[in-house]
Amino acid sequence: MTPAPAGPFPRGSRTLGLGLAALAGAAFLGAAAIHRGPEPLPMPAMAERPVILPDGRALFVQKHEVSVAEWNACHAAGACTLALRAPAGADPAAIPATGLSYVDIGEYLGWIRAGTRHDLRLPTMVEWTHMAAPVLPAKPGPIFTDPALTWASTYLTEGTAPRALKPQGSFAVTAEGIADLDGSVWEWTQDCYAGASDGVAADRCPAFWVGGEHVAAMSWLVRDPARGGCAVGTPPAHLGMRLVTDDAPPAGRDTSPRPVLPLVMRRGRTSNRYGQTPISTAEPSPANGRLKPGHSNVAGVSASRVGSPYPTKYVS
Amino acid sequence: MTKFVNPGLVPTSRRNVLRGSMLAGAAAMTGAAALATPRRAPIPAPRMPAAQFVKAEAEAQSRAIPADLAGYTRVRQEMVDPPFAPAHDQVATGGPKIVEVFMETHERLMVVDEDTGASIWALTYNGSVPGPLIVVHEGDMVELTLRNPVESMMEHNIDFHASTGALGGGGLTHIYPGEETVLRWKATKPGVFTYHCAPGGAMIPYHVCHGMNGAVMVLPRDGLKDPAGNPLRYDRIAYVGEQDYYLPRDANGDFRTFDAAGDDYADSLDAMRTLTPTHSVFNGAVGALTGENALRAKVGETVLFVHNQANRDTRPHLIGGHGDFVWETGSFGDAPQTGLETWFIRGGSAGAAMYTFEQPGVYAYVNHNLIEAALLGATAHVVVDGDWNNQLMEQVVAPRSFEA
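In the order they appear, the protein sequences are chains A and B. Okay, so the first sequence: first residue is 1 according to the numbering used here, each after it adds one. Okay, so the second sequence: first residue is 1001 according to the numbering used here, each after it adds one.
Bound-form chain A, shown alone:
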């Protein structure tokens, strides 16, 4: 049996088709070279309205968590190490990308920032908590009031969220249009948790807060927070992410050239001793040791955006 031609053109017209395609490609490349480099990635779908934070700032938030399909675009581009797969029978465009560590997230963030030329980032814990408050269940009282038992006092008040991975839109939607903040995916924030030590640099931070039905601190290496062990609480079911931005996303299909952030290939210290990469507003440098040569376009975005609306505590 002769294998059928792989392309979209019927047998016989293949040569012609390829020629046309090549011609079109050349035209595209030429146009792009003249105007502004490769076509930027489309912005992710944002919630209908921004969240207004207590200090009056507007925060633009992705409507859904980053999906498997969105993630895999990053993988296909060579920027994200992991290739994800939606559960059998599920639509990758509708299933949240999960099983992601803070390191993985950094790869995606670098890619999407460079690709969209938009200052997308992870939310802070304060921002996340504020946007999610309307849909999160009221916090029950602690089960232990003894100060010596603060470590155990939130037990049983956690772990009421559903744990099965569901398609986007399966859970609550806020007034702003943000979906699934109360779902089974916990979302990485950029806020470091380093116990009593304050001011730990992001690239030395052992754990970050993740937002979900209950707030949890998660080691930056963890992709799948298993239940059990010594930890007394109920760990998050799945780890994913939702991006935010302080700059209003372009309305509709905006094709006007946007100010391009300087892309800096960081050859020096882009990761800590573990190969970890910081992901913060102040120092977004998602390149890490696993990045292949030749991908400088997804390497670190410059740290110093003048007028960054609010500094984070771990400027390194």
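Any given hint could be a false lead.
Cβ-to-Cβ under 8 angstroms is the rule here; a few derived chain A residues that face chain B [what the hints assert, rightly or not]: (1) Glu48; (2) Arg49; (3) Pro50; (4) Ala90; (5) Leu149; (6) Gly195.
Bear in mind the hints are in silico, worked out from the structure with no lab data behind them. For each residue, glycine too, the CB sits at the ideal point set by N, CA and C.
With chain A held as given, fit chain B onto it using these hints.
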């Protein structure tokens, strides 16, 4: 409180292929599987007790002297779902008893891990994994009525490690869907013992690894004692059944789903042959004894942990506590060991550990192969109320930076 974490109850669909005997089906599947997937290891032919053996045993009983039941009082023990124990006396009152218990086999789709959606067509006694705990005293008789509903796909039976004779009762209790049987056996050995389904050949581990096991506790008539012979009493029992599951995966590594009990037979045997469980859980599912299902106790209360593992070795450890008195092998005929950190439960046995809580907080009761505890699910939590004792432990310096 009786609460199952397995909401995915689906009734067994009765298929006409099987009038009870999965064995015929299994044999047929062996042939089919050999054609479809040549690399699959052959499924061993089931080795049932030969018909003449069962017949001979029945005849031996009919020739034997009838049991003398004079002096026994009949009582009925209502089964309750794990992790709880049925109402019972710790010290026997009155003369020996014939304790009537009723169990029904249930084949049900259970969620093993809600996070991943992993599920299994569990084979159970009374619908729970493990099956219910039976509690009697030494010298009592257990009289079990075992029923296999007509909706079942498979045959079932029961082998009591605490009993004497006829494959632990397995040779006398083999019932097909729509059948029931009654078995009476005398509890001559004090201790905690496994019971499990054992329908023959590869079906034995198949049924056991699908949840069909539980424990019997045979208390000494005068109750439990420490090594010096002083009485030991408990305030409550935590009945933990540890279950190793071997769930088949598809080509992508996802756990497969099946339409009916028994459909996973050939694939399960392949997974079981690896001897590497995909899950090792307490009471049937990941998280079945944590969170809102956690065990509860108070400072000063004594809990007897009865830990059953019908198939595979395990090593319970109470994080932050101890085994004050431990009957590691399960025999109450031996003096308990004292003050243990971790104890060993051999596969195919139950063990018991008694602990009096001295501090409040949340304790984790784990299989201290921590990979199994954290990654495979073998973790329970005990929420203990009470006042903290700084004499036993105190945080002298809260974590702080030493460079400050």
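Against the structure, the hints come out as follows:
The beta carbon of A:Glu48 is not positioned within 8 angstroms of any beta carbon in chain B (closest approach about 31 angstroms), and the interface hint is therefore violated. For A:Arg49, the interface hint is violated, the least distance from its beta-carbon to any beta-carbon of chain B being 32 angstroms, above 8 angstroms. Using the Cβ-Cβ criterion of 8 angstroms, the hint placing A:Pro50 at the interface with chain B is not satisfied: the shortest such distance is roughly 33 angstroms. The beta carbon of A:Ala90 comes no nearer than 11 angstroms to any beta carbon in chain B, farther than 8 angstroms, and the hint placing it at the interface is violated.
With a least beta-carbon distance of about 6 angstroms to chain B, the hint placing A:Leu149 at the interface is held under the 8 angstroms criterion. Taking 8 angstroms as the C-beta cut-off, the interface hint given for A:Gly195 holds, the closest approach to chain B being about 5 angstroms.
When held up to the earlier numbered hints, the structure conflicts with 1, 2, 3 and 4 and fits the remainder.
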